[in-house]
Amino acid sequence: MHTVPGVEGFMYPNEMELQWSIMIVLYPYLTGLVAGAFILASLERVFNVAAVKPTYRLALLTALAFMLIAPLPLQLHLGHPERSFEMFLTPHRTSAMAMFGFVYLWYLLAVLVIEIWLEFRPHIVAQAQTASGLLRPLYRVLTLGSYNVSPRALEIDDRVGRFVTVIGIPSAFLLHGYVGFIFGSVKANPWWSTPLMPVVFLFSAIVSGIAAVLLIYLVYCKLAKIPIDMPCVDSMAKYLYYAFLVDFSLEMLDLIHRIYVADESFRSLDFMVNTKLYGSQVVGQIGLGTLLPIALLALTQLVSLSIRARKRLYVAAGILTLVGIFLMRWNVVIGGQLFSKSFLGYTSYKMGFATREGLLPALIVMVLPLLVLWVLVRLFPPMEEQRPAPH
Amino acid sequence: MSLDRRQFLVDGTMFILLTGAATRAWPFIEQGRPQDAPGYDTASHWWAMFIDVEKCIGCGRCVDACKVENDVPPEPYYFRTWVERYTIPPVDPEDATAHQLPIVDSPNGGRDGFPAEPPIEGAKSFFVPKMCNHCADSPCTQVCPVGATFQGPDGVVLVDKTYCVGCRYCVQACPYGCRFLDPRTNTADKCTLCYHRITKGLTTACCEVCPTQARVLGNLRNPDDPIHQLLREHKVHVLKPDLATGAKLYYNGLDGAVR
Chain A
0 MHTVPGVEGF MYPNEMELQW SIMIVLYPYL TGLVAGAFIL ASLERVFNVA AVKPTYRLAL
60 LTALAFMLIA PLPLQLHLGH PERSFEMFLT PHRTSAMAMF GFVYLWYLLA VLVIEIWLEF
120 RPHIVAQAQT ASGLLRPLYR VLTLGSYNVS PRALEIDDRV GRFVTVIGIP SAFLLHGYVG
180 FIFGSVKANP WWSTPLMPVV FLFSAIVSGI AAVLLIYLVY CKLAKIPIDM PCVDSMAKYL
240 YYAFLVDFSL EMLDLIHRIY VADESFRSLD FMVNTKLYGS QVVGQIGLGT LLPIALLALT
300 QLVSLSIRAR KRLYVAAGIL TLVGIFLMRW NVVIGGQLFS KSFLGYTSYK MGFATREGLL
360 PALIVMVLPL LVLWVLVRLF PPMEEQRPAP H
Chain B
0 MSLDRRQFLV DGTMFILLTG AATRAWPFIE QGRPQDAPGY DTASHWWAMF IDVEKCIGCG
60 RCVDACKVEN DVPPEPYYFR TWVERYTIPP VDPEDATAHQ LPIVDSPNGG RDGFPAEPPI
120 EGAKSFFVPK MCNHCADSPC TQVCPVGATF QGPDGVVLVD KTYCVGCRYC VQACPYGCRF
180 LDPRTNTADK CTLCYHRITK GLTTACCEVC PTQARVLGNL RNPDDPIHQL LREHKVHVLK
240 PDLATGAKLY YNGLDGAVR
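The listed protein sequences derive, respectively, from chains A and B.
For the first sequence, the positions run 0 to 390 when numbering that gives the first Met the number 0 is used.
For the second sequence, the positions run 0 to 258 when numbering that gives the first Met the number 0 is used.
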């Protein structure tokens, strides 16, 4: 029998090489962090959850940082990135991908940027009058010509901000639900084709966003020498725990449904999960990336622990969560291409290193949002009022 | 108009060998500007293909002809058409409940034919030519973010390579594995149903070279097209009918195991 390296059984000839690389894994991962961070921020704004207020601005800036970098892996992936703008100029209305471009733009320009601008307007105005060097003209531009920070003006800002957030929550849901739909609507691929996909993507996004903001908050406090607000961290951990339970239930529902219904694709997918995806799905995503952090978080909810112990558990759970959600994206995107649509064979993913869609650019894309965030928190300090007064 | 004997024989032979449309197009093809040839009306065509599994001998000439005619990238796994060999082991009476999977191979897309395999006692084996199904409700054109891939009024699914962004969503959306990314242009590529030929009254390269007429191209909008008789007289099946893609490759003698 004729064999091809990395291929078992029969693949259609054009299926042997994967079409969507680690870049398409990163894309929903980054977008998920955006949506999750924003939804956490919205808790404070719309639902007046005072406990998570200290992270409000940081969560918004985190969302913006990841949002600005999210299109980059797509550009690295496209065969003709120079034509990508055509998706906006001549969109194909039946294409989920084309419509997603507008959802993205709407969210970025109509929600996130406006909300951040309103929130930081007093800071921008102050800096436009006092900052030195090149920063001053930058802040002057950012004021958009409005220097009015009277109580009345700020009250209007607050009201508009609340309105934007109210629109923002469904927009954030739409943003990441839609990413799920891009996969869930591919009827040719049974690994993707499920109406649960947008919901699973949404909840996993919330989970990853809360975990990311929790970790970034702890690191930022340490670097900026700001005392950690423990009730705030405890609240975030609690939300992370609950969101995780919903997310895990949905993923298990999908799994149980597949096992029970056992349609034509099941034998093939089952084999894949037990072989090629065993490490990344069963061990990585479900074991280390879901059950373990849920157990750690459950421990902090059930047992009364010292602040130090809680912090350590939160950090461990947060890191495991981020790894777990990354693996979830990996298993969806890469896993969905490892089996043949003939259900008779399996191929392998070979990732390059310093190639356009290789590991190195992927790592750079992962680090870039953190660099952007570093710049953003310097321009718009998120927690100045929490800094202890100098003696 | 005077016509010498030589010209009469040339014209007459062409008329016999080629269809009417091809005869009219021939001077333009010779001048290197076939696009100017008159006579093709998209609205009066709705292309389909009849594929007879019983007749395919797995010679792979269709695959070769397609690669050459359409300049399909030679290496390693790019095919606008390919041939699969199915071998279905017999049910073992000792273990009748065992789920028997077909053994399928397609070395180099079947382009070089198929090497002999040690026979499996009692197995049935056959060849299945595959290519784009030019689906009437094609999932690939549905997902294209810029509309670079589209279906013409004649039912042919094509790609505009000057417009394709290379996102490969269409490759993912095709249930039949008929699309790939051309590494030379970084754009999606697929069977064009030899559009440059069929619009000039010729048949596709794969149909042209098939020694057993296992593939027959037909225009469903032409009531006199022989494909109507083929569809009437055979029990035909399309691939993956559950996906309701409106596939227009009609297979005769297709085993239920074929995917």
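Hints should not be assumed to be uniformly reliable.
Mimicking DSS-like on lysine-lysine, the simulated pairs with C-alpha atoms at most 30 Å apart in a straight line are [what the hints assert, rightly or not]: (1) A:K275 with B:K239; (2) A:K221 with A:K310; (3) A:K349 with B:K123.
Computed footprint of chain B on chain A; a stretch qualifies when at least three of its residues, placed anywhere within it, have a C-beta under 8 Å from a C-beta of chain B [what the hints assert, rightly or not]: (4) 74-84; (5) 124-134; (6) 145-153; (7) 185-192.
By construction, these hints were calculated from the structure, which means they are not laboratory data.
Here a beta-carbon is modelled for each residue, glycine too, at the ideal position from N, C-alpha and C.
Results of checking the hints against the structure:
no. : hint               : in the structure
1   : A:K275 with B:K239 : 26 Å, holds
2   : A:K221 with A:K310 : 12 Å, holds
3   : A:K349 with B:K123 : 35 Å, violated
4   : 74-84              : holds (count 7)
5   : 124-134            : violated (count 0)
6   : 145-153            : violated (count 0)
7   : 185-192            : holds (count 4)
Violated hints, listed in ascending order, are 3, 5 and 6; each of the other numbered hints is respected by the structure.
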